[in-house]
Structures are given as C-alpha cells and as structure tokens.
Amino acid sequence: MTLAAHDLHFPGRLAGASAAFRRGHVTAILGPNGAGKSTLLAALAGLLPGAVTLEGTPLATLAPQMRARRIGYLPQSGEVAWNLDVETLATLGRLPHRTGPAENAQAVDAALSALDLNALRHRPLAKLSGGERARALLARVLAGQPDWILADEPLASLDLAHQQALLARFRALADAGAGVVLVLHDLAQAMNHATHVVVLQNGTVAASGPPAAVLTPGLIDMVWGLKARWLGEPGAQALAY
Amino acid sequence: MKRPIVPLALALLIALPLSLLAGQVWIAPFAAPVKNAVPILMQLRLPRAVLALVLGAGLGASGAAMQGYLRNPLADPGLFGIAPMAALGAVLSFYTGFAVQPFALPAFALVGAGGAMLLLGLIAGRAASVALFTLAGMMIASLAGALTSLAISLSPNPFALSEIVTWLMGALADRGWHEVAIAAPPTLLGLVLLARAGPSLDALTLGEAAARSLGVDPARLQALMVISTGLIVGSGVAVAGIIGFVGLMVPHMVRPFTDQRPSSLLLPSALAGALLLLLADCLCRVVPLAGGELRLGIALSLAGAPFFLRLLLRMRSRLA
Chain R
0 MTLAAHDLHF PGRLAGASAA FRRGHVTAIL GPNGAGKSTL LAALAGLLPG
50 AVTLEGTPLA TLAPQMRARR IGYLPQSGEV AWNLDVETLA TLGRLPHRTG
100 PAENAQAVDA ALSALDLNAL RHRPLAKLSG GERARALLAR VLAGQPDWIL
150 ADEPLASLDL AHQQALLARF RALADAGAGV VLVLHDLAQA MNHATHVVVL
200 QNGTVAASGP PAAVLTPGLI DMVWGLKARW LGEPGAQALA Y
Chain D
0 MKRPIVPLAL ALLIALPLSL LAGQVWIAPF AAPVKNAVPI LMQLRLPRAV
50 LALVLGAGLG ASGAAMQGYL RNPLADPGLF GIAPMAALGA VLSFYTGFAV
100 QPFALPAFAL VGAGGAMLLL GLIAGRAASV ALFTLAGMMI ASLAGALTSL
150 AISLSPNPFA LSEIVTWLMG ALADRGWHEV AIAAPPTLLG LVLLARAGPS
200 LDALTLGEAA ARSLGVDPAR LQALMVISTG LIVGSGVAVA GIIGFVGLMV
250 PHMVRPFTDQ RPSSLLLPSA LAGALLLLLA DCLCRVVPLA GGELRLGIAL
300 SLAGAPFFLR LLLRMRSRLA
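Chains as they are written, first to last, in numbering that gives the first Met the number 0: chain R, 0 to 240; chain D, 0 to 319.
Here chain R stands alone, though its shape is the one from the complex (with noise of 0.2 Å):
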C-alpha cells in the first residue's frame, strides 16, 4: 500500500530524494521555492524517469494506461485548452479506463456529487468561480477514481472557505482508502490538515513524519529560515512569526 521514491536525482533539481507515502494518508510535501516539491510529485505520478515503486513494483514497467488507472495527477497549472463544460471535464478522466459508457458516467457522477458539482454539470469552465474551477479539475482525476490523488498546490488561488473544504474533501479521501499527496506552501495547512508531511530541502528530504513531530520551529528555522511558533489547539493551529 505504499508509493515510494527511491534516491531519485534530477540535476539542479532533486539531489537523492526517498520518500514512501501510504495510502489512507494525506502526506504533504513541503519545502521552500525550488526544493524540487513539484518534480517529486511529477515523478511519483510517473512523469519522469526515476526509482518509483507502487507497492513494490517500478513504475516505469507498468504500461502507461495502467499507471493512470492507478494514480490520478493533477498538476499545478489547472490548464484547460478548450470551454468544456463540468461533466464532460470530469469525463476526461475516465480516459485510461476501457469501461462502457454506463460506467463512465456512474464514475463522473459520484465524482460531481462528492465535489457538489451535481448543479453545476453543464455549465462551462469560462462561466465557474476560482473554486469551482478547482472542483471540476480536482472531479477530474476523482472520476479516474484512482487509488492515489497527487495534486500540486491544488488550494492556490483559493479563498480560505473553498481552502478548508477542500481540504477536508481531501481527508475524506484518505479515509476512504486513497492515498493523498499534495504540495502544499501553508505550514499551518500541512499542521492541522494532513496525517505525514516530507519536508524537502535543496532537492533532498529534510525530514519526514508526523506533522506534530517533523514542524517544530526548529526546523522551520532550519528549512524557511524563519524564526517561528505554534499557536492555538491541535488540529486548529497557527503560526505565528
């Protein structure tokens, strides 16, 4: 049930980074500008050459459409060449699946319902909020209904109220059984809303764990360079620098 990195090295980028991430667990990778966050996540989904290994096995000697089946990938640019509508957005990631139109559509609608797209089905992206744009890309891979969900930054652009129900959206995921990793920039985000975080620095893993245990304003210190504290209840914290 893991997906793991192994010693991965891309110059100026990544400098033997290993990470294993589980599933059931929202991990968030976290690291300063250019710590090489996106290209760990873009390597676990298989976009680049590199030791990753889903439940043992390399993910370079899984066809293609297989590794998508299993791993949906949202990337960071929340590009869409085309004013598609919601559903047939969310259609687009039943692409690696060969199932019949029924099928599909069974997927794209349990993905529009756990996202609260359902009203929104027809209308077209050009015509949707900054939230609900995240939502329809995120029902996207939801549709693909992959067992893992890598998202790069996916609450950028978002205001805190769609943030949090992502977030939250995220979570439930997890407990359902998918593995979650996203790259996220908010400490207090990582603090309060994910299970493990890896905190990457200069292209290598810094530190790893719990979030509890792994931010402690020593590190932040160590990593951000950023003297900082804790403030507030568990699971309701902030960061005060």
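If you're looking for bench data, these hints aren't it; they were derived computationally from the structure.
For every residue, glycine included, the Cβ atom is placed at its ideal position computed from N, Cα and C.
Each hint should be verified, as a subset may be incorrect.
[Claimed, not checked] Partial chain R-side listing against chain D, Cβ under 8 Å, derived:
| no. | residue |
| --- | --- |
| 1 | Gly23 |
| 2 | Pro74 |
| 3 | Leu94 |
| 4 | Gly224 |
| 5 | Ala227 |
Assemble the complex: chain R is given as a structure, and chain D must be docked to it using the hints.
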C-alpha cells in the same frame, strides 16, 4: 443536444446533387436536355465534386486535430510545413519538365510531403515538446517557401513559370477521376488515423503533463499527427495545389455545436469541410470572370483572411 453531425450530413446529401447542376453550362433537371449533359456530369462535375468532398473532409478534420494538438484555435494543418514541401515537390516537377508525364506531378508532391514528415521526425526526435515541434514545422515551411521562390526565379521558360504560378493557386478545375484515385485513399487512411488520435487529443486539453498522467504517449501521438496530416495535406496538395484556410475556419464553425472536445470535432469538421469546399468550388464555377474561372485557393483566401481577422479581434476583446 449538441449534434451537428446529422444536419451536416443532410446538408451534404442535398448540396452534392445540386452542385452538379451549376457551372458555365447550367443543367436544369426538368427542362429540355442540354447537349453533352451526361459527359459534363460524369466526367467533369462529379469527379470534381467528389474531390472537393475528399479534400474538404481531410482539411476540416486535420484542422480540428491540429487545433487540438497545439491547443490553439489559430492552428491549421499548414503549420507542420507539409503543404509547402508538397508544393515545392510539385513546383520542381514543373521546373524539371517532368510535369508533362502522367502522375509525375502528384508523385513529386507526395515525395515533398514525405520529405517534410521525415525532416519533422528527425528534428523533433523522440521527446520533443509541442512548442519545439511547431517551430520545426515553421522552419521547414519557410525553407520550402524559399526554395519554391528560387525555383520560380530560375524557371527555365515562361511556360513553366506560368504553370507554376497558376498551379500554386490551388484549384479543382479540370480535375478528374485520376485525381480522385490519387487523393482519396491516403486521405481516408489519414482520417482513420486522426480518429485514433482522438482520445489522446482530448487528454491534451488538460496540458502535456496531465495528458501523460492519463496514459497518453506523446511520441505515439506526435507520430499519428505527422503521418495523418502528411497523408491528408500531401495528397491534397498533390492533386489540387495549396488550398488554405479550410482547416482553420471549419473547426471554428462547428465548435460551438459540440461539447468542444477535440475528438468531438473531428467528424463534424470533416463534414463541414467537405460542404464548404463543395460550395466554394461551385461558386468558383459560376462567378463570371473574364479569362476563366475564379481559382478556389484564391476564393478561400479572400473569404478566409477576414474570417481570421474577425477571430483575432474577438480573441482580443475577450482578453482585454
């Protein structure tokens, strides 16, 4: 329900027989019989109409695929440089005098198209990005254009010169069943390959990284695009010269009536392209012009340039 296929197919079924009646000699089905009506219909107008359908369908569908592949509504099948290379091949057949031999002209053009495909493959290689690939295509196009100009400027005699210039302005005039036999099989094969590229083009809507995460093999898609466009554009140029703007305009006309996925556009664009070229060629036949008929390539460029401009203005106002 957004289904443009049935209306377009119906329109084609109505337009095809009607188009055969129009021309310098009008044939009215229920009036007194026209002299030589049967040879005019069967040897002149029907092959020409069929050729218009074949080329129009190929250009429309490959335009839709190209816009999907480059994720750009301003893309057209000419961007890979295949059409200019095919044209260069044809021009060289005039230049060297081989064009008088039967089938030499289309053979030269097809060799040119094949050369462009080969060059694209060599330059782009295995892991080329779409942007690099497009630039390679534009470089090939400009090289072919320069060599075509060179051939024109060095043309051995005024007859060759006039042949070259006339031929470059694409047309369907005086084309017969031979040309249909040359263009139809590669075009049909190209259309089948485009249909196979459909799901990958849909995935590419989400960008290259997301498409790959959905299992798309970029090298396979690139090969499918080059081969299908090469077959369609190469064989089209081989029989009719350069016919521009169809591949650019047609996908825009049908896109609002589809769910906008590139694969949903392929068949409607093929039908609409066929209809557009059939009607445009009809118009060329009936417009009275001193010194012969209006050239199809010129007519479409005359219509296409304002269309393109309107598109740009609309995009600008959307961005502003």
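Here is how each hint holds up against the structure:
Because the smallest distance between the Cβ of Gly23/R and any Cβ of chain D comes to about 22 Å, over 8 Å, the interface hint for this residue is violated. The interface hint given for Pro74/R is met, as the beta carbon of that residue sits about 5 Å from the closest beta carbon of chain D, less than 8 Å. At a threshold of 8 Å, the smallest CB-CB gap from Leu94/R to chain D is about 5 Å, leaving the interface hint in force. Given the 8 Å rule on beta carbons, the hint for Gly224/R is violated: about 30 Å separates it from the nearest Cβ of chain D.
For Ala227/R, the interface hint is violated, the least distance from its beta-carbon to any beta-carbon of chain D being 33 Å, above 8 Å.
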